[in-house]
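Using the sequences and the hints, build the whole thing.
So the protein lines, in turn, are chains W, Z and L.
When we follow the working numbering, the leftmost residue of the first sequence carries the number 1, and every step to the right adds one.
When we follow the working numbering, the leftmost residue of the second sequence carries the number 1, and every step to the right adds one.
When we follow the working numbering, the leftmost residue of the third sequence carries the number 1, and every step to the right adds one.
Everything labelled a hint here was simulated from the structure, so no lab data went into it.
Mixed in with the good hints there might be a few duds.
[What the hints assert, rightly or not] Restricting the straight-line Cα-Cα distance to at most 27 Å, the calculated cross-link-like pairs of lysine-lysine (DSS-like) are:
#1 W:Lys145 / Z:Lys51
#2 W:Lys139 / L:Lys221
#3 Z:Lys270 / Z:Lys145
Predicted model only: the values in this text are computed from it and were never measured.
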Amino acid sequence: MKSKDFALDKKNKPSNIILTIIFSVVSVIYVLPVLVVLMNSFKFNEFVNSTTFELPNAISFAGFNNYIKGMTFGNYPFFNSVFYSFTITILSTILILLCTSMCAWYLSRVNNFICKVVYYLCVFSMVVPFQMVMFTLSKTADTLKLNTPYTIPIIYLGFGAGLAVFMFSGFVKSMPLSVEEAASIDGCGPIRTFFQVVLPIMRPTIISVGILEIMWIWNDYLLPYLVLDRKLYMTIPIHIQYLQGSYGAVDLGATMALIVLSVIPIIIFYAVCQKHIIKGVMAGAVKG
Amino acid sequence: MRRILSLILAVMLVALCFASCGSTDSNAEAGSVFYLNFKPEQDEQWQALAKKYQEATGIKTTVVTAAEGTYESTLTAEMDKSDPPTLFQVNGPVGLANWQDYCYDLSKSDVYKELKSDDFALKGANGEVYGVAYVIETYGIIYNKTILQKYFDAEWSTIKSIDKLNNFDALSTVVSEIQAHKSDLGVDGAFTSAGMDSSSDWRFKTHLANMAIYYEYLADGIGKTDAIKGTYLENYKKIWDLYINYATCKPTDLASKTGTDAETEFKSGKAVFYQNGTWAYGSAAYDEATGLGLKDDEFGMLPIYMGVEGEENLGLCTGSENYWCVNAKADEADIKATLDFLKWVVTDDAGTSALANDMGFVIPFKNAKEASNPLVKIANDYVTAGKTSVSWNFPTIPSEDWKNGVGAALTQYAAGTGSWDDVKLAFVDGWAREYKKANG
Amino acid sequence: MKDRKRIKRLNPLRAYFPIFVLPTLAAFIIGFLYPFIRGIYLSFCTFRTTSDAKWVGLDNYIKAFNDEGFFHAFWYTALFTLVSVIVINVFAFMVAYVLTRGIRGSNTFRTVFFMPNLIGGIVLGYIWQMIFDGILRNYGTSIVLDSRFGFWGLIILMAWQQIGYMMIIYIAGLQSVPEELNEAAKIDGANGWQVLKHITIPTVMPSITICTFLTLTNSFKLFDQNLALTNGAPIAFTAEGAIKQTEMIALNIYNTFYTNANWRGVGQAKAVLFFILVAAIALIQLRFTRKREVQQ
Chain W
1 MKSKDFALDK KNKPSNIILT IIFSVVSVIY VLPVLVVLMN SFKFNEFVNS TTFELPNAIS
61 FAGFNNYIKG MTFGNYPFFN SVFYSFTITI LSTILILLCT SMCAWYLSRV NNFICKVVYY
121 LCVFSMVVPF QMVMFTLSKT ADTLKLNTPY TIPIIYLGFG AGLAVFMFSG FVKSMPLSVE
181 EAASIDGCGP IRTFFQVVLP IMRPTIISVG ILEIMWIWND YLLPYLVLDR KLYMTIPIHI
241 QYLQGSYGAV DLGATMALIV LSVIPIIIFY AVCQKHIIKG VMAGAVKG
Chain Z
1 MRRILSLILA VMLVALCFAS CGSTDSNAEA GSVFYLNFKP EQDEQWQALA KKYQEATGIK
61 TTVVTAAEGT YESTLTAEMD KSDPPTLFQV NGPVGLANWQ DYCYDLSKSD VYKELKSDDF
121 ALKGANGEVY GVAYVIETYG IIYNKTILQK YFDAEWSTIK SIDKLNNFDA LSTVVSEIQA
181 HKSDLGVDGA FTSAGMDSSS DWRFKTHLAN MAIYYEYLAD GIGKTDAIKG TYLENYKKIW
241 DLYINYATCK PTDLASKTGT DAETEFKSGK AVFYQNGTWA YGSAAYDEAT GLGLKDDEFG
301 MLPIYMGVEG EENLGLCTGS ENYWCVNAKA DEADIKATLD FLKWVVTDDA GTSALANDMG
361 FVIPFKNAKE ASNPLVKIAN DYVTAGKTSV SWNFPTIPSE DWKNGVGAAL TQYAAGTGSW
421 DDVKLAFVDG WAREYKKANG
Chain L
1 MKDRKRIKRL NPLRAYFPIF VLPTLAAFII GFLYPFIRGI YLSFCTFRTT SDAKWVGLDN
61 YIKAFNDEGF FHAFWYTALF TLVSVIVINV FAFMVAYVLT RGIRGSNTFR TVFFMPNLIG
121 GIVLGYIWQM IFDGILRNYG TSIVLDSRFG FWGLIILMAW QQIGYMMIIY IAGLQSVPEE
181 LNEAAKIDGA NGWQVLKHIT IPTVMPSITI CTFLTLTNSF KLFDQNLALT NGAPIAFTAE
241 GAIKQTEMIA LNIYNTFYTN ANWRGVGQAK AVLFFILVAA IALIQLRFTR KREVQQ
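Below is the structure:
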């Protein structure tokens with residue numbers, strides 16, 4: 001009771017009320033860019049540049065025209081891009097979480113020479129800029145037929161392994177051995193030990209790694225652009241970039257509409273998993 | 001947990017299955033066609049044509065179009081793949097130098113034999129035919145006849161007919177008078193905005209620059225150079241000043257204006273002059289749905305006057321930067337399929353009418369259909385009238401970076417943050433530097 | 001030593017290498033190691049596609065070192081990184097500090113500030129280009145016309161995107177400061193500033209290290225936002241060359257790769273140099289972290 005009073009008291013301190021007001025204003029400014037995009041997605045193309053900060057009026061209001069245009073632009077349906085973006089993000093994230101958590105556990109527990117080499121290679125890969133491998137990676141991926149949304153997760157696993165292994169290893173090192181020992185004394189083999197004992201303990205790290213991977217893969221532009229077989233597949237960022245670049249025709253209205261459509265899933269994801277996301281980032285930071 | 005594991009394993013198996021099956025769907029014996037198209041504005045028409053061909057012959061035919069400004073990088077990436085384009089494009093000699101190793105010798109092919117003249121072939125040192133031009137295009141200053149007529153009829157106008165509008169001084173007079181009386185004519189300016197966004201800047205850093213390059217080549221009697229002198233830069237400046245100062249917007253706004261902005265201004269009658277080419281007809285023509293656009297007889301086109309001696313006899317700029325090349329490193333069967341496809345496109349009725357009507361192209365092949373595009377007719381009229389056509393020399397520009405440099409310098413000059421000296425540096429010094437970079 | 005023995009008891013695990021490590025390792029070799037090594041090899045070659053590479057020795061590196069644009073990009077990136085690291089961390093820390101004092105609406109603010117992180121770089125670039133140009137148009141200019149606008153525009157963009165993320169990490173750090181310690185200090189008569197300096201900042205030191213590292217590498221490797229916002233404009237012209245004023249290293253490499261077919265090898269050589277630079281920075285950072293860990 002006492003502590004609650006104390007907290008209330010703290011909240012009502014004049015300086016804190018002023019801070020609340022200041023932060024409210026800043027928050028509004030913070031979301032403005034997104035609102036401006038939303039607003040402009042309902043304007044005809046020619047008004048986006050000339051009246052960027054005005055609400056659509058009777059002349060400039062385009063209704064859902066931009067959305068319809070954006071979705072049917074060219075001859076590649078926007079829904080396909082959405083579908084492939086989802087497929088790639090989900091498959092890759094699952095694959096990365098599963099494989100790297102297993103790998104990291106093995107590496108930290110066995111920890112022999114080979115494990116150390118693999119571990120340090122993973123850490124090393126984290127500092128390598130994508131430009132270093134972009135050219136050769138697309139060739140390799142193509143030769144091995146890793147250029148479809150169903151196989152590109154293997155590329156993501158390879159290129160994203162570094163950070164994931166690093167984060168999982170950091171966590172495994174802080175895990176007490178006793179639980180695993182108990183399991184092995186009970187006659188559990190390594191696979192059962194991993195899935196029944198280790199994996200549940202790893203939950204917070206799995207969430208934080210998962211979130212980092214989802215944010216990365218969903219928004220990634222250059223890697224799928226260079227790797228995917230573009231005769232058949234596009235993702236949302238590629239689609240938006242494509243809309244930007246037709247000979248003599250940039251449809252800003254339609255681009256804004258597609259930006260809105262591409263941001264919606266991520267906002268929903270954020271709204272639903274907000275707690276996990278913030279906790280995940282916190283946990284990731286403390287462990288990493 | 002076990003359920004999750006088995007689910008994941010199943011997913012992976014499916015994925016692997018896709019991976020191994022993915023490549024077996026094409027009919028290896030009959031070959032297939034994969035065209036990497038350069039012109040995004042004709043993407044839909046090419047897709048339709050490819051579909052038609054595939055339905056007619058059963059040969060798998062794919063068309064992929066690179067986004068504006070990314071053709072070279074897309075081509076590089078695609079060529080490196082196990083299933084590379086069988087048909088691609090180069091822009092002329094400079095492009096050919098980059099891709100010559102990949103160009104199949106077309107000298108015995110039907111598509112080459114169908115060419116009206118050898119002028120449209122891109123030849124190697126020993127007479128090999130590496131590319132054939134498939135579209136001849138023309139650009140100049142497109143104008144809105146109806147509004148310009150209003151100007152001629154106005155009592156305050158100095159120039160009274162289109163025949164008198166035949167040099168830079170006349171153009172300059174017309175433009176400044178229109179600008180001064182813009183409300184009388186119901187326009188926002190004489191010229192459409194010369195947008196320097198990447199969707200529009202090629203009209204000035206490439207097509208307009210071509211004028212200065214053309215005159216210099218002509219004066220020096222050359223067809224290409226490793227160091228341009230910039231003899232006609234002053235003329236380039238004259239016309240550019242006209243474009244930016246007598247337009248629908250302030251020169252400082254040009255940096256972010258797009259191609260669509262200019263197109264909309266022209267379509268809605270807010271400007272009289274619009275520098276563009278025959279390809280722009282489709283998007284500027286009258287559209288019932290929006291009620292915007294010009295009727296066929298409202299289109300006119302002027303040569304780009306820039307104050308050079310004797311320009312009363314100048315014609316429009318006609319040429320090609322679109323050459324078909326067949327990938328020499330593709331499979332035998334694919335090469336054959338591609339050659340068959342090309343033959344079909346330039347001889348079959350479906351192909352030639354798609355090129356002429358749907359795409360609005362003038363094609364240099366024997367079976368060509370006449371395009372319904374009024375801008376093409378205007379271009380032909382200039383030739384019939386004996387005017388001197390300006391050739392397309394911009395394929396000899398040493399690199400993309402040269403164009404980008406000139407474009408940026410023009411933008412900065414227009415905005416007042418840079419001077420004309422920057423354009424000179426980008427044009428002259430930039431040429432020599434980029435030439436050296438590109439050739440060793 | 002003791003741990004070693006205990007791990008030995010889990011010995012059967014050793015035999016499970018193919019199940020636990022091999023999938024990741026195989027993908028890692030395909031997706032990283034092989035392209036990386038091949039990339040180093042190609043930096044010594046001229047090539048148009050990877051299949052027609054010809055060995056030219058150090059030629060590409062000499063060209064890269066003589067490229068003024070590359071040097072400008074390096075210094076520009078360094079300056080940008082310095083400013084963005086300071087701006088982002090100072091603001092993120094301030095926000096986190098205020099939000100952990102229990103003001104009304106803390107959770108809402110936290111949610112709002114974190115949101116921009118979820119939007120991808122290309123999209124962010126387009127959004128902000130529209131906004132900056134919308135404002136600058138009133139003053140008859142544009143973000144692509146003045147390198148100062150480009151510089152501060154990118155700083156604002158990055159701050160908008162990253163402050164939220166760093167804030168979360170600082171909040172985590174600040175919450176680990178024991179409340180009793182603060183109370184004890186206050187009873188001893190320490191003022192707010194002294195508490196901040198002697199108690200709060202030392203305890204959140206690990207968070208500061210992490211955030212500095214993350215902002216440092218993010219800024220250094222920045223590509224998407226740079227490409228979409230200004231793509232290097234404006235260009236400064238001199239007799240020696242045309243230098244893109246707001247082009248950062250990653251973009252310079254990308255442009256070298258794709259605008260001149262003969263310079264692809266040079267682009268790859270620049271990429272190798274870039275990698276060495278990033279690795280060196282990371283290594284120095286790691287050193288610092290290690291030292292501090294030993295002291296603790």
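Now the hints, each set against the structure:
A threshold of 27 Å between alpha carbons decides the hint, and for W:Lys145 with Z:Lys51 the separation of about 25 Å falls inside it, so the pair holds. For the hint linking W:Lys139 to L:Lys221, the alpha-carbon distance of about 23 Å falls within 27 Å, and the restraint holds. At most 27 Å may separate the alpha-carbon atoms for a hinted pair to count; Z:Lys270 and Z:Lys145 meet this at roughly 13 Å.
Hint compliance for this structure: no hint is broken.
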